[in-house]
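Residue numbers (this note's numbering), protein chains in the order written: chain A, 4 to 339; chain B, 4 to 339; chain C, 4 to 339; chain D, 4 to 339.
By construction, these hints were calculated from the structure, which means they are not laboratory data.
Quick caveat, the model's predicted, so the values are computed rather than measured.
Do not take every clue at face value.
Each pair may be met inside one copy or between any two copies, as identical chains are not told apart.
DSBU-like, lysine-lysine: derived pairs with alpha carbons at most 35 Å apart [to be verified]:
{"id": "1", "residue 1": "Lys167", "residue 2": "Lys211"}
{"id": "2", "residue 1": "Lys39", "residue 2": "Lys192"}
{"id": "3", "residue 1": "Lys211", "residue 2": "Lys39"}
{"id": "4", "residue 1": "Lys39", "residue 2": "Lys167"}
{"id": "5", "residue 1": "Lys167", "residue 2": "Lys192"}
{"id": "6", "residue 1": "Lys192", "residue 2": "Lys211"}
Spelled out from the first residue to the last, the chains are:
There are 4 protein chains.
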Amino acid sequence: MIRVAVLGASGYTARELLNLLLRHPEVEITTLTTRKDSRLPVSEVHPSLRGRLDLVMENLPLQEVADRADCVFGCLPHAASAAAVSELLGAGCRVVDFSADYRLNDPQVYAEWYGVEHPDPGRMPGTVYGLPELYRDSIRGADLVANPGCYPTASILALAPLLKQRIISPRGIVIDAKSGVSGAGRSPKPNLHFPEANENFAAYNIGKHRHTPEIDQVLSTWADVETNVVFSPHLVPMDRGMLSTAYGDIMGEVSSEDLVEVLRSFYANEPFVRVVEHLPCTKEVVQTNFCDITARCVGDKAVVVSTIDNLMKGASGAAVQNFNLMYGFSETLALL
Amino acid sequence: MIRVAVLGASGYTARELLNLLLRHPEVEITTLTTRKDSRLPVSEVHPSLRGRLDLVMENLPLQEVADRADCVFGCLPHAASAAAVSELLGAGCRVVDFSADYRLNDPQVYAEWYGVEHPDPGRMPGTVYGLPELYRDSIRGADLVANPGCYPTASILALAPLLKQRIISPRGIVIDAKSGVSGAGRSPKPNLHFPEANENFAAYNIGKHRHTPEIDQVLSTWADVETNVVFSPHLVPMDRGMLSTAYGDIMGEVSSEDLVEVLRSFYANEPFVRVVEHLPCTKEVVQTNFCDITARCVGDKAVVVSTIDNLMKGASGAAVQNFNLMYGFSETLALL
Amino acid sequence: MIRVAVLGASGYTARELLNLLLRHPEVEITTLTTRKDSRLPVSEVHPSLRGRLDLVMENLPLQEVADRADCVFGCLPHAASAAAVSELLGAGCRVVDFSADYRLNDPQVYAEWYGVEHPDPGRMPGTVYGLPELYRDSIRGADLVANPGCYPTASILALAPLLKQRIISPRGIVIDAKSGVSGAGRSPKPNLHFPEANENFAAYNIGKHRHTPEIDQVLSTWADVETNVVFSPHLVPMDRGMLSTAYGDIMGEVSSEDLVEVLRSFYANEPFVRVVEHLPCTKEVVQTNFCDITARCVGDKAVVVSTIDNLMKGASGAAVQNFNLMYGFSETLALL
Amino acid sequence: MIRVAVLGASGYTARELLNLLLRHPEVEITTLTTRKDSRLPVSEVHPSLRGRLDLVMENLPLQEVADRADCVFGCLPHAASAAAVSELLGAGCRVVDFSADYRLNDPQVYAEWYGVEHPDPGRMPGTVYGLPELYRDSIRGADLVANPGCYPTASILALAPLLKQRIISPRGIVIDAKSGVSGAGRSPKPNLHFPEANENFAAYNIGKHRHTPEIDQVLSTWADVETNVVFSPHLVPMDRGMLSTAYGDIMGEVSSEDLVEVLRSFYANEPFVRVVEHLPCTKEVVQTNFCDITARCVGDKAVVVSTIDNLMKGASGAAVQNFNLMYGFSETLALL
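Pulled out of the complex, with its shape left as it was, chain A reads as follows (with noise of 0.2 Å):
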């Protein structure tokens, strides 16, 4: 049995972890952390816990939570995460760290959209980035994981063989992404009180979504090109759920069908991506960790959908998948 920690545990991702792993058989939860004093019950912060999972929030020391457990989840915010994941690394644990500190490679690019200075650069180069289909032998056997953002999941399953294979241009890619209003956390604000979220559709953040640089890090240095795409996030009035469209130039004369294909082959052994023929919705992969992506050729472009659950393969989902290829459990275990 594993013992495992999570670390800021009061939020939606990690609600949604516990949801998982007190399902996984190989796994025990021992500790959840909040930075709040008050040891409240974990079935008071997530109610729909109760009668499954009887641990109180602690506000610990790092220490003891590397006595507690042997892998641990952080779900802290950027900063505060790296700062608490190299101290557990130098104490032995194994971590899945589900913020975007060690997402980036490059500690300028993180300043710059990150507006500070990152607390531990020199790990970010070597940090494995946490999606099998792209680094599953180098996520074998890491001790730090970075959890991917859920826009650059969606996105990167949709591109990476196309751009890979030179199908479409690395130039003038769009990517056009819709999420459920979870992805934006659980703290209340004015935009996501319910009566001005409900029936409403809205464009946020676009050009300057954080997840930007990270999709094209991770797109350019996997796929060998420099992309530098356009990024526009949309919040959709439903709990959870994304979609992402993304418009590349198609390089040289291809079918819909022969997208299609290009996708089904690449994804062909992947346990949780579903090729499929027709346009996908979200409903049909939430409360799930798989990603269904399908492509059309319109005009001179592709057009290639993807959606995924943001809090399951987007979030916990992939945290689960990564922590069974950490430990050399069955990649599924838990998540099917």
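Fit chains B, C and D to the given chain A structure using the hints.
Frame of chain A, contents of chains B, C and D only:
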């Protein structure tokens, strides 16, 4: 043209009120107040009004409000409202008050349910309760009208005729009411955060809601009985709309048809009450000032179902209806 | 491994059931039936199951179903279900029946509410009602279990302990219940078209819903009283979740705390009933097999609020709980 | 008073139209038609109109419609509409046609996208496209106006000024559009069943939507360029509202501010286009006839975001705006 001011114009009821007043041929909106010091254009506070109303929200002395307006609609919190209302009346304005301050007659009941001493207790018993279906004659020509709460409007219109005619017993009445989330106001709260309130149905404040004494007072005084209703409010994951299901013990022998006939005959000449035969739903009244009602006899109980738009007949539509009566305009002006 | 078949596998309850059974370590799903002739892969009927379950929906003779399965979950419409169930039992299968066919004991009551003669009246009185909290011992080892309706589950769990202990009167009980739209099934209907049902709250079938006699029968026989409940269902604009607000006349002197204590003590050892102090909401039980309950004393009435997921504890979760009891597995297997 | 008839009055656009016309001081609604034989009161077909409009839906010969009405609003399906329109024009009526029949100029393009021969091809090229922002002068005094589609309205208003001024290239334009579900009409369909469409976001008809040639034709002829847009529609789980995110390659050197300034200057005198600086959302235009637009420069792309209410500026509001122009009324009558 009646010059109109709206006090506390940043909430949802004020926005709906402005929407209606902009269509009112006898109204000129001159003044919008806020208790914040920033002078924001109303189009920044209510973006849907951009291009329709070119006014700034101002933190004004009441005397200046009185100089600019003949009639004031008060959308202030309780207690703050009575303090302003008494001064405005003294300065010669007529007032429609959205707050609870002048709905109750008894200062002690007010203190008990609202937790503060009433600032203007002398005016409480004499102020007319702005439900035209019960008090039309007193509203005509009144200088101050207490605009009813949303739950009381839906509940009282359902029960008053049956109580008056002694068809149901005043004892043991249950009102199980359901409201869209806009009824909870515009301030973000954890339980109204979109991912919490969406896809969720919740009971709240059962037996403790402040609209309870208002319902009892109006039913009891108007129908000359003594009720002591059990009032159970619930929150529905939708923006607006309210449905009340009221249960009363039938005295004597009646059928469903009899119940509907009593309602139909009582409301025969009402412009905004529609007695229907089917079980109503909120969508048929949303964005209108109508109240739909029907009744069923089930066992020994009368079940009376009524629907309103909580922001219209439950607030701003009722206010304009009252305004029309106060000034002798056609009662339906700007409301159909 | 128990070989399992699902009859009528195209609806929402079947989909949820398959989701649960896929996680059940003692189950092998062998057969899915449909009454249509086309042999569709289940992944086309339930796209969320793509990649998880590779079976075809088949229109099979019941004998062949019996050859392939030890236990059959029946998701057929009423009357059709009893015809199939009696044949399957004769062929040696054990059955969990989702339909209403074996819930009622009295063929005449059945004929009156369902409008057809029961095809297998002799088996009605002896079949156990699959609510483990009331009938656990009889479910253990049963060959046929009548899986309860969703409204009855929420209502009976709320009221049974208070009736049994004579705390509330069996006369004059009101159950005001609210359900998400999935409870209405998967067939498109005008009132369930998205732009009609969305942002809408509706009362329906007040005094006429078929779950009424089921509630009365189980409460009356189990608590040895005679109830005649007024049952008022409503439709909530959300996918799943159900909340029941039940009202009963208190006999004697009790407080809210007393009511909660009676519930807590009755359900002390139940794995899926959580007696809580706050007023519950559906989101805390959705996607789980839990029923949350609390109670309040308001005036002379006990108000008991209970919540379930209509597709889980209200249907498929309950079915798996019953299956676990029938076969002697841990009652919570695949359900936590 | 203009006597008005509505053909095919049972859908959502007809309901919205009647709502607006009831507030129009120069309109008398005399006739509502249906192709069904039952003579239903309009209040049964559109219950929200009960008490406001006392007309029966009739299956009438067109000549009788022409006798009763000066102006006809046609809400018929394509092809059926043109057949009726040509006869009504011959009988002396003026017509605002909601169908696609007179939007396209070229009968062959029509046949290709709509799958039928046009019944009245001669009138196609000469009919004015009812987008006042581009064709106001031709709409004034016209006898027949082709009311634009909802997607084209949002997309064309976003792109036309930038194309006209050669700021973006006509080649490679992508329009990623998102619509509330009312845009799909009132007929129940499996994918629009509430539990399917709710909490779901779906791409559909990418590259194949019938509004594509309409967008290309209007942009190309009006701006004198040749576009070939990639048009990707999506379905948002909300009743109404539409947001279009359009992407074009910038030619030359411009900033976000320049883009906004071009839009602002082009629409300076438009009563229903609001050029804003923030990224707009649908809720700020729903229930209004406004179109909100802004633009951003991201890399080499112009990203133009526009929002409308698909049932108002995207259908019935536009129709009333056209009607006002045709008859020389104030353009905003009944629309503010």
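Reference check for the pair Lys192 and Lys211, CA-CA at most 35 Å: within, between, both, or neither? Answer is both; intra-copy 19 Å and inter-copy 28 Å each pass.
Alpha-carbon proximity between Lys167 and Lys192, which holds within one copy, between copies, both or neither at 35 Å: For Lys167 and Lys192, the Cα distance exceeds 35 Å both inside one copy (40 Å) and across copies (40 Å).
Have a look at Lys211 and Lys39 and pick one of within, between, both or neither, based on CA distance no larger than 35 Å. both (31 Å within a copy, 31 Å between copies)
Same-copy or cross-copy closeness of Lys167 to Lys211 [CA-CA at most 35 Å]: both (26 Å within a copy, 28 Å between copies)
Indicate which option fits the pair Lys39, Lys167 if close means a Cα-Cα distance not exceeding 35 Å: within, between, both or neither. neither (46 Å within a copy, 44 Å between copies)
From the Cα coordinates, with 35 Å as the cut-off, is the pair Lys39 and Lys192 best called within, between, both, or neither? Answer is both; intra-copy 20 Å and inter-copy 19 Å each pass.
Comparing the model with each earlier hint shows violations of hints 4, 5; every other hint is respected.
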